[in-house]
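Going line by line, the protein sequences match chains A and B.
Each residue of the first sequence is one higher than the last, beginning at 545 in the numbering used here.
Each residue of the second sequence is one higher than the last, beginning at 545 in the numbering used here.
I should point out that these hints are in silico values taken from the structure, not numbers from a laboratory.
Some clues are possibly wrong.
Repeated chains share a single entry, so a pair holds when one copy, or any two copies, can fit it.
[What the hints assert, rightly or not] Listed next, the in silico SDA-like pairs over lysine to any residue satisfying Cα-Cα at most 20 Å (straight line): (1) K840 - Q777; (2) K847 - A568; (3) K672 - H645; (4) K687 - E730; (5) K672 - R749; (6) K632 - K779; (7) K805 - G723; (8) K672 - C550; (9) K774 - N576; (10) K687 - R759; (11) K681 - N667; (12) K774 - G791; (13) K735 - R835; (14) K840 - V690; (15) K805 - Q718; (16) K735 - T827; (17) K687 - Q718; (18) K847 - Q664.
Given the structure is predicted, the values throughout are model-derived calculations rather than measurements.
As a plain string of letters, each chain reads:
2 protein chains.
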Amino acid sequence: MHCIRCRAPANVEVRRRRSAFCAACYPGWFRNQVERAIGEEEMFTRQQRVLVAISGGKDSLALWHALLGLGYEADGMYIRLGIGGYSKRSQAASEMFAAKHGLTLHQVDLKAEYGYAVPQLRNQRRGKPCAACGTVKRYHFNKVAVDLGYDVVATGHNLDDEAATLFGNVIHWQTDFLGRQGPVLEATHPKLARKVKPLYRLAERDTAAYAIIERIEYILEECPMAVGAKSLQYKDALNRLEEAQPGLKQRFLAGFLNRGKEALGGADPVTIRECAECGQPTTAEVCAYCRMRERKRRQLEQKAAAGS
Amino acid sequence: MHCIRCRAPANVEVRRRRSAFCAACYPGWFRNQVERAIGEEEMFTRQQRVLVAISGGKDSLALWHALLGLGYEADGMYIRLGIGGYSKRSQAASEMFAAKHGLTLHQVDLKAEYGYAVPQLRNQRRGKPCAACGTVKRYHFNKVAVDLGYDVVATGHNLDDEAATLFGNVIHWQTDFLGRQGPVLEATHPKLARKVKPLYRLAERDTAAYAIIERIEYILEECPMAVGAKSLQYKDALNRLEEAQPGLKQRFLAGFLNRGKEALGGADPVTIRECAECGQPTTAEVCAYCRMRERKRRQLEQKAAAGS
């Protein structure tokens, strides 16, 4: 196999595109894909300030790296979720990347600022804190972006992530979620930041290849709390189908965005108002984050009462 | 594990329903499920004449057996597709079942009546005759049902079949097909038979268990032409997910029928007219079956010309 750009021996194959690249040409193709997603979906311009949601993994760091390479103004933000050694190592990778490239990395420390970490937020029924962790991350990324005047929050969600989320929503016919899924989430309230996913057309292995070739030191391990998560089952199912039908994931996601989403009629427009507790944007009286914190506070009180 | 009806040791587990049955109670539960599907979806009554599409496999024979057990008037119809030994063995199983129970089995012989069999209908691009075979079967089951005055055609499509078809249509966002998928297909033209799927809520292993307990001698092998078919890949993917999330297939299909289909707005109503060639109902000027036969005829002519 040879690089489709320079005919040198290829190092990276992109099977769904029937393409292959050498290590020298690949990063350019990758950044070009990012640039096209940003341009075609009108995600942001070079005059705007982007806040990249950083986890220390390959996707978020590859995204940050690519945005800088493309000349965008992008700062990072990391949330200390308090998930033991995993969090320590991902924080170190994020800080090292920022330091190496002389970048600004905002941080929120959950435990220090709010008194609890993600492992304490386990769902009673399912035993996984993944849903709560999502609420925590969405809340803080949005709040910091709005408070510090960023125009947009960019996340490292890739094709595999988006296809797996779509798959989960379709399997359960979550028509509300389906109507809202897409590479751009508009800000429909002054306290709501615009959310974009510049990697949504690049596969997980594409970003891994970019990170390796660009010598980005990311944390390889997956979050230990996510083991057995349904999203991983959906990724696995899609990966097997992709093996037999290269391009299936991309067609699944593109077909949804081009035809399925419209056929599903989109989500009903929701009214955003300010949370009665914290003032952050929400569709409810009290936001999901405040409700979660209240539940946690009551649990701790009951525990203390039972222990005394 | 014990039978939920009589507490005897269980022989069959229906995991998605958290149920188990002994061999004596199971057939009653199975037929009850068939009866409920027929009743709730208003498929047909005991005063109507049902034509069961018979393949010789477990699903169609289990369906025929269950309908008779429930007191319905059901004849069978078998199409000799000409797929070598597989067709010979499936024809024998179908004829044996009919003879054993003193039933009427109509037959259409493709090769004898039309000069070709399914293996000759390979798709040029994909090399599989599955799509053409579907056209052949739909055409003849419909024609025989209408010609002989049956009220409805019943097919043995089970939960796994329906979930896999739905999966394939969703993966490729075939919104037209999605709008038409369901357990009942109404007759929208005098020459179009009503189509129903009384097993659509029963899993493949449920019908296998029924066939074994009721000592139905069905053909075990799958069609050799279907090896590697995408529908089998989708079944495999769903089976793996079902392992991790029992009931997922049923929820996927039920969620579609209850919410997704409506959200997708249904298919645009199509106008049915009579084929200019054969007079059978179609949405086009010339029906898919006649177009296929015409292509086949031209191919054979070209071959003959090249050989002379």
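Results of checking the hints against the structure:
1. For the identical chains of this complex, K840 and Q777 are neighbours neither inside a copy (29 Å) nor across copies (44 Å), given an alpha-carbon limit of 20 Å.
2. Taking identical chains as interchangeable, the C-alpha atoms of K847 and A568 are never at most 20 Å apart, the minima being 58 Å within one chain and 51 Å between chains.
3. Taking the shortest Cα distances, K672 and H645 never come within 20 Å of each other, neither inside one copy (35 Å) nor across copies (55 Å).
4. Taking the closest pair of Cα atoms, K687 and E730 come within 20 Å of each other only inside a single copy of the chain (15 Å); across copies the shortest separation is 53 Å, beyond that limit.
5. Taking the shortest Cα distances, K672 and R749 never come within 20 Å of each other, neither inside one copy (26 Å) nor across copies (32 Å).
6. For a Cα distance limit of 20 Å, the shortest separation of K632 from K779 qualifies neither inside one copy, at 26 Å, nor across copies, at 41 Å.
7. For a Cα distance limit of 20 Å, the shortest separation of K805 from G723 qualifies both inside one copy, at 6 Å, and across copies, at 14 Å.
8. In this assembly of identical chains, K672 and C550 lie within 20 Å of each other by CA distance neither inside one copy nor across copies; the values are 48 Å within and 38 Å between.
9. Taking the closest pair of Cα atoms, K774 and N576 never come within 20 Å of each other, the shortest separation being 32 Å inside a single copy and 33 Å across copies.
10. Taking identical chains as interchangeable, the C-alpha atoms of K687 and R759 are never at most 20 Å apart, the minima being 32 Å within one chain and 66 Å between chains.
11. In this assembly of identical chains, K681 and N667 lie within 20 Å of each other by CA distance solely inside one copy; the values are 16 Å within and 50 Å between copies.
12. For the homomeric pair K774 and G791, the shortest alpha-carbon distance between copies (14 Å) is at most 20 Å, but the shortest distance inside one copy (22 Å) is not.
13. When the C-alpha separation of K735 and R835 is checked against a cutoff of 20 Å, the pair qualifies only within one copy, where the shortest distance is 19 Å, while the shortest distance between copies is 60 Å.
14. With identical chains, the CA atoms of K840 and V690 are never at most 20 Å apart, being 26 Å at best within one copy and 65 Å at best between copies.
15. Taking the shortest Cα distances, K805 and Q718 sit within 20 Å of each other both inside one copy (12 Å) and across copies (12 Å).
16. Within a single copy, K735 and T827 get their C-alpha atoms as close as 13 Å, which meets the 20 Å cut-off; across copies the closest is 52 Å, which misses it.
17. Taking CA atoms no more than 20 Å apart as the test, K687 paired with Q718 passes in neither setting, with 27 Å inside one copy and 39 Å between copies.
18. Taking the closest pair of Cα atoms, K847 and Q664 come within 20 Å of each other only inside a single copy of the chain (13 Å); across copies the shortest separation is 73 Å, beyond that limit.
Checked against the numbered hints above, the structure violates hints 1, 2, 3, 5, 6, 8, 9, 10, 14 and 17; every other hint is satisfied.
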